[in-house]
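Visitor: Sequence:
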Amino acid sequence: MNVDLRHLRNFLAVAEARSFTAASKRLHLAQPTLTRSIRALEESLGVRLFDRTTRRIALTPKGSRLRESLMPIIRQLDSTLADIRGGQALRIGFAWGLPELLSTLAVRFGKENASEVELVRRDTAMAGLDTGDVDVALLRGEIQARGVRCVQLYEEERIAAVPTASPLARRPEVRWAELARWPLVVNVVSGTTFPWMWPDGTRPEVGAECRNFDEWLEKVAAGTGFGTAPASAARRYTHPGVRLVPLRDAPLVRTHLAFPVHGTHPLASHLADAAWHAFREVNTPAGKPG
Numbered sequence: 015m016n017v018d019l020r021h022l023r024n025f026l027a028v029a030e031a032r033s034f035t036a037a038s039k040r041l042h043l044a045q046p047t048l049t050r051s052i053r054a055l056e057e058s059l060g061v062r063l064f065d066r067t068t069r070r071i072a073l074t075p076k077g078s079r080l081r082e083s084l085m086p087i088i089r090q091l092d093s094t095l096a097d098i099r100g101g102q103a104l105r106i107g108f109a110w111g112l113p114e115l116l117s118t119l120a121v122r123f124g125k126e127n128a129s130e131v132e133l134v135r136r137d138t139a140m141a142g143l144d145t146g147d148v149d150v151a152l153l154r155g156e157i158q159a160r161g162v163r164c165v166q167l168y169e170e171e172r173i174a175a176v177p178t179a180s181p182l183a184r185r186p187e188v189r190w191a192e193l194a195r196w197p198l199v200v201n202v203v204s205g206t207t208f209p210w211m212w213p214d215g216t217r218p219e220v221g222a223e224c225r226n227f228d229e230w231l232e233k234v235a236a237g238t239g240f241g242t243a244p245a246s247a248a249r250r251y252t253h254p255g256v257r258l259v260p261l262r263d264a265p266l267v268r269t270h271l272a273f274p275v276h277g278t279h280p281l282a283s284h285l286a287d288a289a290w291h292a293f294r295e296v297n298t299p300a301g302k303p304g
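The numbering used here numbers the first residue of the sequence shown as 15 and each following residue consecutively.
Note that these hints are calculated values from the structure, not bench results.
Do not take every clue at face value.
[As the list claims (entries may be wrong)] Derived DEER-like restraints, expressed as beta-carbon distance ranges:
1. E187 <-> D287: 17 to 25 angstroms
2. G161 <-> R66: 15 to 23 angstroms
3. L19 <-> S117: 41 to 49 angstroms
4. L133 <-> R81: 55 to 63 angstroms
[Stated by the list, open to error] Straight-line alpha carbon distances no greater than 16 angstroms define the calculated EDC-like cross-link-like pairs of lysine to aspartate or glutamate that follow:
5. K125 <-> D97
6. K39 <-> E126
7. K39 <-> E232
8. K76 <-> E57
9. K76 <-> E56
10. K39 <-> E295
11. K76 <-> D65
12. K125 <-> D92
Even for Gly, the Cβ is constructed at its ideal location relative to N, Cα and C.
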């Protein structure tokens, strides 16, 4: 029989919830995926496990028997796995602007998997993933690293950060092409905006460079140039010397969860999949994730 543990866990979730919709949310799975999993289990066993109507879902006698037999087995298995896995925290790295939805998900994910989850800030290009300081990293922009799997969570609009003394600070909005007339503050380590993103011949000059988000904000406030950042992240930080101005026609910022292809934490890919489903479920408009 082609039956694996995933099929059995999915069956128990539906049996408990009596609803494919509720079970899919609990499992962080798309409902069609869950439906296919249950159908595959029934085909492998050669029996119907659920009676389905347009209004309700009920266990068949065979389904009830399977549920009663599986529950103590799965509980014992989960207890054994939790004991073995205990003490190996899942470390999530970020350089700046951790989305609220991700931090909330991380707490719930840790409880559901009986594993400690740590949020670790590292002001590096890979947020500590390349040095082994973290197991999973939140990364923005285009990722050019080998041996890393990236799961894109969402795309987000940018917002312009300008000195309050700048003429741009009095504008209701600014176009991307207009920004090239002013100097740019570049976060060379974990930033998302660089001169090469404008067409050749119309690129802004670099007014200053920095190595983290806090320095970037201070240099913009000091009047060394403008900057851009993902809208939701930038709005979480305030500075009396910086005004955030809506930005039109700017390229979107892609946000990913990344983890090593080899030698990764056993829960890393599960967290990335859960995060992908969570961000997809909220279906937040661009520029307002989490």
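Visitor: Each hint: holds or not?
Guide: Structure-based check of each hint:
Taken as a hint, the range 17 to 25 angstroms is violated for the pair E187 and D287, whose Cβ atoms sit roughly 37 angstroms apart. Checking the proposed 15 to 23 angstroms range against G161 and R66 shows it is violated: the Cβ atoms sit about 44 angstroms from each other. Look at L19 against S117: about 29 angstroms separates their beta carbons, and that is not inside 41 to 49 angstroms. For L133 and R81, the Cβ-Cβ distance of about 37 angstroms falls outside the hinted range of 55 to 63 angstroms, so the restraint is violated.
At roughly 14 angstroms between alpha-carbon atoms, K125 and D97 fall within 16 angstroms of each other, so this suggested pair holds. The straight-line distance between the Cα atoms of K39 and E126 is roughly 14 angstroms, inside the 16 angstroms bound, and the hint therefore holds. Pair hint K39 plus E232 does not hold up; C-alpha atoms about 42 angstroms apart against a cutoff of 16 angstroms. About 13 angstroms separates the Cα atoms of K76 and E57, which keeps this hinted pair within 16 angstroms; it holds.
A hinted pair counts as satisfied when its Cα atoms are at most 16 angstroms apart, and K76 with E56 qualifies at roughly 10 angstroms. Distance check on the hinted pair: K39 and E295 sit about 9 angstroms apart at the alpha-carbon level, within 16 angstroms; holds. For the given pair, K76 sits about 11 angstroms from D65 by alpha-carbon distance, which is consistent with the 16 angstroms threshold. The suggested pairing of K125 with D92 holds, with an alpha-carbon distance near 13 angstroms, which does not exceed 16 angstroms.
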